[in-house]
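Use the sequences and the hints to build the structure in full.
Quick mapping for you: the protein sequence lines, in order, are chains X and R.
With the numbering used here applied, the first sequence covers 39 to 153.
With the numbering used here applied, the second sequence covers 261 to 370.
It cannot be assumed that every hint is accurate.
List time: in silico SDA-like cross-link candidates among lysine to any residue, alpha-carbon distance up to 25 Å [to be verified]:
#1 Lys328(R) to Gln311(R)
#2 Lys357(R) to Phe77(X)
#3 Lys357(R) to Arg149(X)
#4 Lys58(X) to Thr95(X)
#5 Lys357(R) to Lys52(X)
#6 Lys302(R) to Met83(X)
#7 Lys302(R) to Gln80(X)
#8 Lys102(X) to Val359(R)
#9 Lys79(X) to Pro370(R)
#10 Lys302(R) to Pro78(X)
#11 Lys302(R) to Leu106(X)
#12 Lys357(R) to Asn108(X)
#13 Lys302(R) to Lys93(X)
#14 Lys79(X) to Leu322(R)
#15 Lys104(X) to Lys357(R)
#16 Lys102(X) to Gln262(R)
#17 Lys58(X) to Gly301(R)
#18 Lys261(R) to Asp327(R)
#19 Lys58(X) to Val152(X)
#20 Lys302(R) to Asn108(X)
#21 Lys79(X) to Val280(R)
#22 Lys261(R) to Gly99(X)
#23 Lys52(X) to Val280(R)
#24 Lys102(X) to Leu114(X)
#25 Lys302(R) to Cys51(X)
#26 Lys302(R) to Ser127(X)
#27 Lys93(X) to Lys357(R)
#28 Lys79(X) to Arg297(R)
#29 Lys79(X) to Ser313(R)
#30 Lys357(R) to Cys51(X)
Hints listed in this document are in silico derivations from the structure and should not be mistaken for laboratory results.
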Amino acid sequence: GAVVSQHPSRVICKSGTSVKIECRSLDFQATTMFWYRQFPKQSLMLMATSNEGSKATYEQGVEKDKFLINHASLTLSTLTVTSAHPEDSSFYICSARYRAWDTQYFGPGTRLTVL
Amino acid sequence: KQEVTQIPAALSVPEGENLVLNCSFTDSAIYNLQWFRQDPGKGLTSLLLIQSSQREQTSGRLNASLDKSSGRSTLYIAASQPGDSATYLCAVRGAQKLVFGQGTRLTINP
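Given below as structure tokens:
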């Protein structure tokens, strides 16, 4: 099956700094990538959808200036958490899809802890 | 707006038992429904995907059914094992995105 990787798997940073998380589709071209956030013992919440070469579409309530998403190529999307604060601490999971009707493949997640 | 509900929220059973996890959704206009497994602190592992035109899918000890008209799906796990302990998530695919349920936290006791 298709593989999606995320890097880093775990990151700890100080409040006020910015953190970049990478999501890569390793063996297929991802025309669409998705970023999810998961709080402890809760389900996944979609943050934004990005199509290669286009601006991301953010879900209601997600601050686009805080969570910068770039989908510059068919195999790479990045999520940058700007000026991170402790409340941004969470588990971030990316997902990728080739065509609109295809299965979404999920990355292993990134645990962000902001001190 | 699609809403997905999973019942029960948590389930604990002895090893060897057969069990059923439930998922319901409010909008029957779906492309497919997918069951995932998530271990603590890990990403999602896809278990079964049922297209909207299908009634069920099977993989090993797992069987998932879909009744689109009633907005329900079940995940049947046969002969449960301690290694099946995890959170099971149901997700419904609409026109654009997946909508997830809250999950069922399953514990299989040896």
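Right, here's what the structure says about each hint:
Taking the CA atoms of Lys328(R) and Gln311(R), the gap is near 10 Å; set against the 25 Å cutoff, the hint holds. For a cut-off of 25 Å, the pair hint linking Lys357(R) to Phe77(X) stands: about 20 Å separates their Cα positions. At roughly 23 Å between alpha-carbon atoms, Lys357(R) and Arg149(X) fall within 25 Å of each other, so this suggested pair holds. With a CA separation close to 18 Å, the supplied pair Lys58(X) and Thr95(X) stays within the 25 Å bound.
Annotation: proposed proximity of Lys357(R) to Lys52(X) is violated, straight-line Cα distance about 33 Å (limit 25 Å). Of the pairs offered as hints, the one joining Lys302(R) and Met83(X) holds, with about 16 Å between alpha carbons and a cut-off of 25 Å not exceeded. Proximity of Lys302(R) to Gln80(X) is assessed by CA-CA distance (about 13 Å); at most 25 Å being required, the pair is judged to hold. Among the hinted pairs, Lys102(X) with Val359(R) is consistent with the structure: their alpha-carbon atoms are about 21 Å apart, no more than 25 Å.
Annotation: proposed proximity of Lys79(X) to Pro370(R) holds, straight-line Cα distance about 23 Å (limit 25 Å). The suggested pairing of Lys302(R) with Pro78(X) holds, with an alpha-carbon distance near 12 Å, which does not exceed 25 Å. For the proposed pair Lys302(R) and Leu106(X), the alpha carbon gap of about 23 Å is at most 25 Å, so the pair holds. Using a Cα cut-off of 25 Å, the hinted pair Lys357(R) and Asn108(X) holds, with the two alpha carbons roughly 19 Å apart.
Of the supplied pair hints, the one linking Lys302(R) and Lys93(X) is violated, its CA atoms being roughly 28 Å apart against a limit of 25 Å. The suggested pairing of Lys79(X) with Leu322(R) holds, with an alpha-carbon distance near 24 Å, which does not exceed 25 Å. Proposed proximity of Lys104(X) and Lys357(R) is supported: the alpha carbons are some 22 Å apart, at most 25 Å. This hinted pair checks out: Lys102(X) and Gln262(R) have alpha carbons roughly 23 Å apart, not beyond 25 Å.
A hinted pair counts as satisfied when its Cα atoms are at most 25 Å apart, and Lys58(X) with Gly301(R) qualifies at roughly 19 Å. For the suggested pair Lys261(R) and Asp327(R), the alpha carbons sit about 19 Å apart, so the restraint of at most 25 Å is met. Simply put, Lys58(X) and Val152(X) have alpha-carbon atoms about 13 Å apart, close enough for the 25 Å limit, and the pair holds. For the suggested pair Lys302(R) and Asn108(X), the alpha carbons sit about 24 Å apart, so the restraint of at most 25 Å is met.
Simply put, Lys79(X) and Val280(R) have alpha-carbon atoms about 21 Å apart, close enough for the 25 Å limit, and the pair holds. Distance restraint check for Lys261(R) and Gly99(X): the Cα-Cα separation of roughly 16 Å lies within the 25 Å cut-off, and the hinted pair is therefore satisfied. Pair hint Lys52(X) plus Val280(R) does not hold up; C-alpha atoms about 44 Å apart against a cutoff of 25 Å. At most 25 Å may separate the alpha-carbon atoms for a hinted pair to count; Lys102(X) and Leu114(X) meet this at roughly 19 Å.
Taken as a hint, the Lys302(R) and Cys51(X) pair is honoured in the structure, with Cα atoms around 20 Å apart against an allowance of 25 Å. Of the supplied pair hints, the one linking Lys302(R) and Ser127(X) holds, its CA atoms being roughly 16 Å apart against a limit of 25 Å. Among the hinted pairs, Lys93(X) with Lys357(R) is consistent with the structure: their alpha-carbon atoms are about 17 Å apart, no more than 25 Å. Pair hint Lys79(X) plus Arg297(R) holds up; C-alpha atoms about 13 Å apart against a cutoff of 25 Å.
Restraint check for Lys79(X) and Ser313(R): the C-alpha separation of about 32 Å exceeds 25 Å, so the hint is violated. Proposed proximity of Lys357(R) and Cys51(X) is contradicted: the alpha carbons are some 31 Å apart, above 25 Å.
In terms of the numbered hints stated before, the structure departs from hints 5, 13, 23, 29, 30, listed from lowest to highest.
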